[in-house]
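With the hints as a guide, dock the two chains, each given alone in a separate frame, to form the complex.
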Amino acid sequence: MSLVEIKNLTVRYSGIKALDDVSFVVNPGDFLGIIGPNGAGKSTLFDSMLGLNTKYDGTIKFFDEDIKRSKKYLKELGYVPQKPVFEKNFPATVSDVVQMELRDESKQDRIDKVLRQLWIYDLHDRRIGDLSGGQQQRVFIAKALINNPKILILDEPVTGIDQQSTDLFYNILRDLNHRQKITIIWSSHDLDAVNQLANHVACLNRILFFHGESEKFFSNDELVKQYSEASMQEHMRHH
Amino acid sequence: MSFEILTFSFMHRALVSGAAIAILCSVVGLFLVLRRYSLFGDAIAHSSFGGIALGLLVGIYPIWTAYAVSIANALIITKIKDKYNISGDASIAVLLSSGIAVGLVIIGLSGGFTIDIFGFLFGSILLVNVDDTVLILALTGIILVVILVLYRQILYSTFNEQQAKVSGIPVEKINYLIVFLAGITVVTSIQLVGLLLISALFVIPNVTAIMYGKGFKQTAIISMGFSIFSVITGILVSYVLDITPAGTIVLLLIGLLAGTMGIKSTGLLSRRES
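For the record, the sequence lines run as chains S and E. Take the first sequence: its position 58, counted from the start at 1, is 58 in my numbering, and no numbers get skipped. Take the second sequence: its position 266, counted from the start at 1, is 266 in my numbering, and no numbers get skipped.
Mixed in with the good hints there might be a few duds.
[Stated by the list, open to error] DSS-like, lysine-lysine: derived pairs with alpha carbons at most 25 Å apart:
id, chain 1, residue 1, chain 2, residue 2
1, S, Lys61, E, Lys165
2, E, Lys217, S, Lys113
3, E, Lys165, S, Lys75
4, E, Lys83, S, Lys107
5, E, Lys264, S, Lys88
6, S, Lys150, S, Lys83
7, E, Lys165, E, Lys217
8, S, Lys7, S, Lys88
9, S, Lys55, E, Lys81
10, S, Lys181, S, Lys72
11, E, Lys217, S, Lys88
12, E, Lys173, S, Lys72
13, S, Lys75, S, Lys17
14, S, Lys7, E, Lys165
15, S, Lys68, E, Lys165
16, S, Lys61, S, Lys181
17, E, Lys83, E, Lys165
18, S, Lys72, E, Lys165
19, E, Lys83, S, Lys71
20, S, Lys107, S, Lys71
In case anyone wonders, no lab produced these hints; they're calculated from the structure. Only a predicted model underlies this, so the values are computations on that prediction, with no experimental measurement involved.
So that you can see chain E by itself, here it is in the shape it has in the complex (with noise of 0.2 Å):
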């Protein structure tokens, strides 16, 4: 493998872009997956299909369209969920089934755009430009300066709402938030994996590093560890041998998950009996 490969600023857009993405994932994914919304992100995704769907039609640049479309979907079924009392899990399965319902009708009142819609489904890390790398890189750092100023009230209405509420935290709007946060979370990180394979990114890392028996902050430092070096790892990797660098980074992801399972059975993880 030469390391000219490196000295390409496409491939620079695409490593910094990508490592932003896959802190940002983490992150935001750790507490989808406390909160046992771990298809959430995935829902998302497929309601952003709606929204490029849409772009492409009126001639919006797509990735605007999907962040009103998905975050503004996401929020209504959140809305829907709380008011009649439907079942997360129910909830997930309309958010998913709608976006992608809207996107085929736009696609079929347009005749058709299907070589477009592509890079959306599965991603495309390398093509990103200098817009698209800042743009990452500015909502990667609000968000997660969101995350750390409200840290505790999230982390603690994640562990257990009703305590939270009686400690004077507002249970509902953090909710809301969380659902906003990953609404962004997602469709900026559609050009890294695709929306086929996003929820990859928020679960795989934390699943994988919630193993190793640590406290939050530790944790969610093995996460964005395990993260960063799936998605570099993957996009080097993948463009050497000319593969996807999409699902690159998820076979990695689940390499990564596969060993630390190996690990955990020898007993090397396990935790002290009280």
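Isolated chain S (complex conformation) (with noise of 0.2 Å):
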């Protein structure tokens, strides 16, 4: 059984498609790396599998249910958005941030374990606000894990941090699809990275330009080729 079964999802907005029938399946175990220029509709697809917009045609399947039905499977979902927004003065230290995702109040010693985890637990009772990019973004990497979910969501998690802060990300991300089974689908503009880390790739450009194993991606020059000039033409329709 698939994780994620992902079937002719078409996305408009005002008539124009977002996303254009695209279908693909995620297994358990996958890190399935989701490249794709700019408005080539990765945020549209995550926004659509998190039940954040309902607005489309085809069916998105968890665990072989179908989101519109049930709402269950973000029980076993952790998201890491793209850059979390919140008041600068938030009054919430990186505990009490971790905390609200807990939904069993019994297991607070979690929140100490997934903090010493991340190598964030010195910072557990500074405010969210104080934190630099790169130590906030773990703090959400630890809010998104403190329920133990199967599957993790990240929105281009590394999106204006530093390159130090960003090879522990990628490192920590490794370790949870490796050693603790945790399936990935982890949308990103970097291709080395991808390269590196994931081991499914689907490369999206409002259709599905391509999906399967990130080793045959990479080693087609072709394919390769196809995707930076997709790539450079919308970057340089949006500039």
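Printed below as a string of structure tokens:
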């Protein structure tokens, strides 16, 4: 049984297709890198998968159940947004932020455990707004992991973060996938990182340009060239 | 200053009611401030003006009609804001002006009852009777229990609505609940500082407490402490000096805010750099 099954997903905004007939599956243990230029529909795909956008054609299934029928799948999901938006002076410590996600209040000890796992226990009583971008992003991973999710979804999580923090972040993701067997669905602009980390690639440009093993994508110069050209065209169109 | 005033039963009622309202306003106000809804309390209070005028006109206890009109107005405006994508500050302006407009028209139709209105505009905490005190304590208890039970959901949807939705929290329902609780809190608190100064109790202790750089629960406790201190001291000082309690309470709150800003400017409250 696949963990996620997306079939003929089409999303329109004001009549224009943001996603066009996208279909793919995610199996247990997969580390799926979703790549695509700006405006390719990556965030639209995530919004639809997370139940934030419900106006779409096609079906999205998690654990073999249509997400329009049941929201139970959200309990098995950890989500790390692109850039967490919150009030800079919000009076919440790192522990407070992670605790917000903790569904079972009897498991408070998990907070310290997950903070240690991500090397941010020393920051537990610091306000979230006082941390650097890289530290904040690790807090949001801790938050996403606090309920022992089966699937972790990350939307371009290293945007605006320095290289050292980015490398640390990638090591954490690799560890989560390899050791803890958490299935990861991750969107990124960084082709090199996707090549190194992901075992599957979904290449999106409103349509699904490629989906399969990352080795097959990155070893095929023609595919990579086509993707790069499409990205460049999209980049020029936006600027 | 004589301790004799502490033997008066009206003073007992005022202090107990005042302390309860101080706790209630600082707790509900913290969520409003963090949702960038600082003036929402003010708007609900102005909206209650129409309800108070209506009660006086038809001969119903004005606080009851104020509850009905304020809560209904606040929920309707919130619904309109969501449906037509009106910004928060604009919806607050609509709520604020509509309540005053309704009140003024009703007063005009009735030929005027300005003396009765005065107590609601500026508060009359020393005049609260036993029934008022019981009502204030009961509502404070109920609202605090609701907030404690739904603490995680309310805090999370205040922190980040989108992530709270992904976590399965019914954010829209929580938003309406906050508006509903704010409506009850405002009208309950009108007797303390009046509808013109009510937003001070919602905003100032919380803005002051946030400057101390602590976590959420500690910030809430600091805010409640400042609020209770200002209300109790304000009631006692204003009685001794024969001045208005509402103005005294708000000036004390502003004094605490100014003092905190002073301490912060010396660097004593600066947070550790990351």
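With the threshold set at 25 Å, check whether the alpha-carbon distance from E/Lys165 to S/Lys75 stays at or below it. holds (12 Å)
Pair hint E/Lys173 and S/Lys72, alpha-carbon separation not exceeding 25 Å: holds (18 Å)
Holds or violated: E/Lys83 with E/Lys165, Cα cutoff 25 Å? At roughly 18 Å apart (the allowed maximum being 25 Å), E/Lys165 and E/Lys83 satisfy the hint.
Tell me if the straight-line CA distance from E/Lys217 to S/Lys113 falls inside 25 Å. holds (22 Å)
Restraint status (C-alpha distance of E/Lys83 to S/Lys71 at most 25 Å): holds (24 Å)
Measure nothing beyond the straight line between the CA atoms of S/Lys107 and S/Lys71; if it is 25 Å or shorter, mark the hint as holding. holds (23 Å)
S/Lys61 and E/Lys165: Cα distance at most 25 Å? holds (18 Å)
So if I understand the rule, the pair passes when the alpha-carbon distance is 25 Å or less; does S/Lys75 with S/Lys17 pass? Given that 25 Å is the threshold and the Cα spacing comes to 30 Å, the pair is violated.
Agreement of S/Lys7 and E/Lys165 with the hint, judged by alpha carbon distance not exceeding 25 Å: Given pair S/Lys7, E/Lys165 holds - Cα atoms ~24 Å apart, limit 25 Å.
Taken at face value, is the distance from the CA of E/Lys165 to the CA of S/Lys72 at most 25 Å? OK: S/Lys72 and E/Lys165 at ~13 Å, within 25 Å.
Verify the proposed pairing of S/Lys61 with S/Lys181, using a straight-line Cα cut of 25 Å. Cα-Cα ~20 Å, so holds.
E/Lys264 and S/Lys88 were given as a pair; does the straight-line alpha-carbon distance stay at or below 25 Å? holds (17 Å)
Hint check: violations occur at hints 4, 8 and 13; the rest are consistent with the structure.
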